[in-house]
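**Q** Here is what each chain is made of, one letter per residue.
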Amino acid sequence: MASKIDKVFYDIGRLEILAEQNSPIHRLDPRAKLLVTIFFVLAVVSYGKYAIADLLPFFLYPAIIIGLANLPVGYLLKKLLIVSPFVLFIGIFNPFIDREIMVQFGPLAISGGWVSFASLLLRFSLTVGAALLLIAITSFPAVCGALDKMGAPRILTVQLLMLYRYLFVLVEEGIRMIRAHALRSFSRRRPRYRIYLQLLGNLLLRTIDRAQRIHLAMLSRAFSGEIKTVRQFNFGRSELLFLLLATGALITLRTTHLTDLLGRLLLEISQ
Amino acid sequence: MSHHIVEVKDLAFTYPDRTPALQGISFRIHHGESVAIVGANGAGKSTLLLHLNGYLTPTGGQVRIGDYPLTRETLREVRRTVGMVFQDPDDQLFMSTVFDDVAFGPLNLDLPVDEVTARVDKALATVGLSHLKERPPHRLSSGQKRRVAIASVLSMAPDILVMDEPSSGLDPRARRQLIELLRSFHHTKIIATHDLDMVVDLCERTIVMHEGRVKADGPTMAIFGDAELLESCCLEKPLRMQGCPLCNK
Numbered sequence: 001m002a003s004k005i006d007k008v009f010y011d012i013g014r015l016e017i018l019a020e021q022n023s024p025i026h027r028l029d030p031r032a033k034l035l036v037t038i039f040f041v042l043a044v045v046s047y048g049k050y051a052i053a054d055l056l057p058f059f060l061y062p063a064i065i066i067g068l069a070n071l072p073v074g075y076l077l078k079k080l081l082i083v084s085p086f087v088l089f090i091g092i093f094n095p096f097i098d099r100e101i102m103v104q105f106g107p108l109a110i111s112g113g114w115v116s117f118a119s120l121l122l123r124f125s126l127t128v129g130a131a132l133l134l135i136a137i138t139s140f141p142a143v144c145g146a147l148d149k150m151g152a153p154r155i156l157t158v159q160l161l162m163l164y165r166y167l168f169v170l171v172e173e174g175i176r177m178i179r180a181h182a183l184r185s186f187s188r189r190r191p192r193y194r195i196y197l198q199l200l201g202n203l204l205l206r207t208i209d210r211a212q213r214i215h216l217a218m219l220s221r222a223f224s225g226e227i228k229t230v231r232q233f234n235f236g237r238s239e240l241l242f243l244l245l246a247t248g249a250l251i252t253l254r255t256t257h258l259t260d261l262l263g264r265l266l267l268e269i270s271q
Numbered sequence: 001m002s003h004h005i006v007e008v009k010d011l012a013f014t015y016p017d018r019t020p021a022l023q024g025i026s027f028r029i030h031h032g033e034s035v036a037i038v039g040a041n042g043a044g045k046s047t048l049l050l051h052l053n054g055y056l057t058p059t060g061g062q063v064r065i066g067d068y069p070l071t072r073e074t075l076r077e078v079r080r081t082v083g084m085v086f087q088d089p090d091d092q093l094f095m096s097t098v099f100d101d102v103a104f105g106p107l108n109l110d111l112p113v114d115e116v117t118a119r120v121d122k123a124l125a126t127v128g129l130s131h132l133k134e135r136p137p138h139r140l141s142s143g144q145k146r147r148v149a150i151a152s153v154l155s156m157a158p159d160i161l162v163m164d165e166p167s168s169g170l171d172p173r174a175r176r177q178l179i180e181l182l183r184s185f186h187h188t189k190i191i192a193t194h195d196l197d198m199v200v201d202l203c204e205r206t207i208v209m210h211e212g213r214v215k216a217d218g219p220t221m222a223i224f225g226d227a228e229l230l231e232s233c234c235l236e237k238p239l240r241m242q243g244c245p246l247c248n249k
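So the sequences go chain by chain: A and B.
Just so we're aligned, residue 1 is where the first sequence starts under the working numbering, counting upward by one.
Just so we're aligned, residue 1 is where the second sequence starts under the working numbering, counting upward by one.
Check before you lean on any hint, since a few could be wrong.
[As the list claims (entries may be wrong)] Derived DMTMM-like pairs: lysine to aspartate or glutamate, alpha-carbon spacing no greater than 25 Å straight-line:
1. Lys228/A <-> Glu231/B
2. Lys149/A <-> Glu77/B
3. Lys133/B <-> Asp260/A
4. Lys228/A <-> Asp67/B
5. Lys215/B <-> Glu231/B
6. Lys237/B <-> Asp217/B
7. Lys228/A <-> Asp195/B
8. Lys215/B <-> Glu33/B
9. Lys122/B <-> Asp67/B
10. Lys149/A <-> Glu33/B
11. Lys133/B <-> Asp121/B
12. Lys133/B <-> Asp209/A
13. Lys228/A <-> Glu211/B
14. Lys237/B <-> Glu77/B
15. Lys78/A <-> Glu226/A
16. Lys149/A <-> Glu228/B
17. Lys228/A <-> Glu33/B
18. Lys9/B <-> Asp67/B
19. Lys78/A <-> Asp148/A
20. Lys228/A <-> Asp159/B
21. Lys228/A <-> Glu20/A
22. Lys228/A <-> Glu134/B
23. Lys133/B <-> Asp98/A
24. Lys228/A <-> Asp148/A
25. Lys133/B <-> Glu100/A
26. Lys133/B <-> Glu16/A
27. Lys9/B <-> Glu33/B
28. Lys228/A <-> Asp88/B
29. Lys228/A <-> Asp110/B
30. Lys228/A <-> Glu115/B
31. Lys149/A <-> Glu115/B
32. Lys133/B <-> Asp148/A
33. Lys215/B <-> Asp195/B
34. Lys149/A <-> Asp110/B
Think of the hints as simulated: they come from the structure by calculation, not from any bench.
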């Protein structure tokens, strides 16, 4: 039980270490990467609900980024798998609701529901994968910094940063409490729910205490209500090139039917 | 240099739940002095420290930092003058990188960006951690965190350093390095601690607190030589001033 939490927790650290690498992709200004990711997600979700073939070429983007940034594919796939139950639950009813036959492969008839379900899965892997990639090539704080620079409300970005910073402290505190419970609960495997409630309440109180101490630390350093940062961002020629190339490619993909073209090309060659 | 003086006069403070924490504390600390505040748990050390930068408002008496009495108007100036290092560095390092943390104070003082960067670099060089500038604080060791916490205060160029338990939770070497680091500072230092051996190394003067009062105030060696006094305040002689338990000398 506790060891599972430990493991998930240290996994976040791994994502952070990945973001500290020094590849041409990592060196790009976070804003450029954020913009490209947003465009990518928009392009992917803009397709109709039965789109499958048109979505496939979009896997080129993660493939290229993973290659250039030297990221471990297996690790990222595992992360995707962890989130996948959510989308599975959302999409699983499609095949039951939408039973109209759409594709016929000989004796095998595939209903519209299955097609839209598959499309949903593809879109999930592309969009969530892109977000995950963004963190792995930029780091979470840098993404927040980019959001801030691009005009997102300061209060939002600061909240996100604080959340991220204290996530680690909070989880560690939680782990210590669960460990302390596990060591004294002997044969009982899982804490009873009432005890869970107490643990949570305790955690909340500790959090409030800590928030007070953090506020005190901020006040002692002349805090006056606004968090200021110096962040040197450099949107230079390579960022522009990256942005143009990526958006160009995305627009091309979105406006042409690449899979269709390739298929027809193959057929023509074989004839 | 009168502006580095810390003067506390008849300071009294009672918590809202009516726990009397401080009951008439008075002392005067001069420029460049290094003073330890020792006492049992609950003697009022931390409460006293929280008055020195105006976080708590006394229910009686007065605090003077330099030429100003501590009031609402002088709060900003006082907080720049008095650098506070807290016990748990996780409370003090709340930004997402070491750099941002050390830059937090100077930026709030509205210094120009060049000056801020210069100060951050200098503060980090002082504590010997320039290479960790871009690290997130949660991936530092306890010793490193403590030094970054100190750097985050140094970057505001305070005249007075106030520290709560600076050596707690450190391994022997990190503790030794911290002591050497603190020894190299020329600031006025006020250190609340249970680490009496560190006091012997760093502070020529010691204030002993007991149940919200000043029980003794004098040269460190004289105070630690007074076994009766220490006993009555739930303290013990520093280890190095005790006889050797192995050879009974």
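**Q** Against each hint, give a clear statement of whether it holds in the structure.
**A** Hints versus structure:
1. Lys228/A <-> Glu231/B: 49 Å, violated
2. Lys149/A <-> Glu77/B: 31 Å, violated
3. Lys133/B <-> Asp260/A: Given pair Lys133/B, Asp260/A is violated - Cα atoms ~51 Å apart, limit 25 Å.
4. Lys228/A <-> Asp67/B: 30 Å, violated
5. Lys215/B <-> Glu231/B: 12 Å, holds
6. Lys237/B <-> Asp217/B: The given pair, whose Cα atoms are some 16 Å apart, holds under the 25 Å limit.
7. Lys228/A <-> Asp195/B: 36 Å, violated
8. Lys215/B <-> Glu33/B: Measuring from Cα to Cα gives roughly 20 Å; hence the hint holds.
9. Lys122/B <-> Asp67/B: At roughly 28 Å apart (the allowed maximum being 25 Å), Asp67/B and Lys122/B break the hint.
10. Lys149/A <-> Glu33/B: Given that 25 Å is the threshold and the Cα spacing comes to 45 Å, the pair is violated.
11. Lys133/B <-> Asp121/B: Given pair Lys133/B, Asp121/B holds - Cα atoms ~9 Å apart, limit 25 Å.
12. Lys133/B <-> Asp209/A: Answer violated: Lys133/B to Asp209/A is near 28 Å, above 25 Å.
13. Lys228/A <-> Glu211/B: 41 Å, violated
14. Lys237/B <-> Glu77/B: Roughly 38 Å separates the two Cα atoms, so the pair is violated.
15. Lys78/A <-> Glu226/A: 39 Å, violated
16. Lys149/A <-> Glu228/B: Cα-Cα ~62 Å, so violated.
17. Lys228/A <-> Glu33/B: Not OK: Lys228/A and Glu33/B at ~34 Å, beyond 25 Å, violated.
18. Lys9/B <-> Asp67/B: 14 Å, holds
19. Lys78/A <-> Asp148/A: The given pair, whose Cα atoms are some 30 Å apart, is violated under the 25 Å limit.
20. Lys228/A <-> Asp159/B: 24 Å, holds
21. Lys228/A <-> Glu20/A: Since the Cα atoms of Lys228/A and Glu20/A sit roughly 23 Å apart, the hinted pair holds (cutoff 25 Å).
22. Lys228/A <-> Glu134/B: 17 Å, holds
23. Lys133/B <-> Asp98/A: Violated, at about 56 Å.
24. Lys228/A <-> Asp148/A: 11 Å, holds
25. Lys133/B <-> Glu100/A: 60 Å, violated
26. Lys133/B <-> Glu16/A: Measuring from Cα to Cα gives roughly 15 Å; hence the hint holds.
27. Lys9/B <-> Glu33/B: Roughly 18 Å separates the two Cα atoms, so the pair holds.
28. Lys228/A <-> Asp88/B: 23 Å, holds
29. Lys228/A <-> Asp110/B: 9 Å, holds
30. Lys228/A <-> Glu115/B: 15 Å, holds
31. Lys149/A <-> Glu115/B: 21 Å, holds
32. Lys133/B <-> Asp148/A: Roughly 21 Å separates the two Cα atoms, so the pair holds.
33. Lys215/B <-> Asp195/B: With a Cα-Cα distance of about 18 Å, the restraint between Lys215/B and Asp195/B holds, given a limit of 25 Å.
34. Lys149/A <-> Asp110/B: 19 Å, holds
Hint compliance for this structure: hints 1, 2, 3, 4, 7, 9, 10, 12, 13, 14, 15, 16, 17, 19, 23, 25 are broken, all remaining hints hold.
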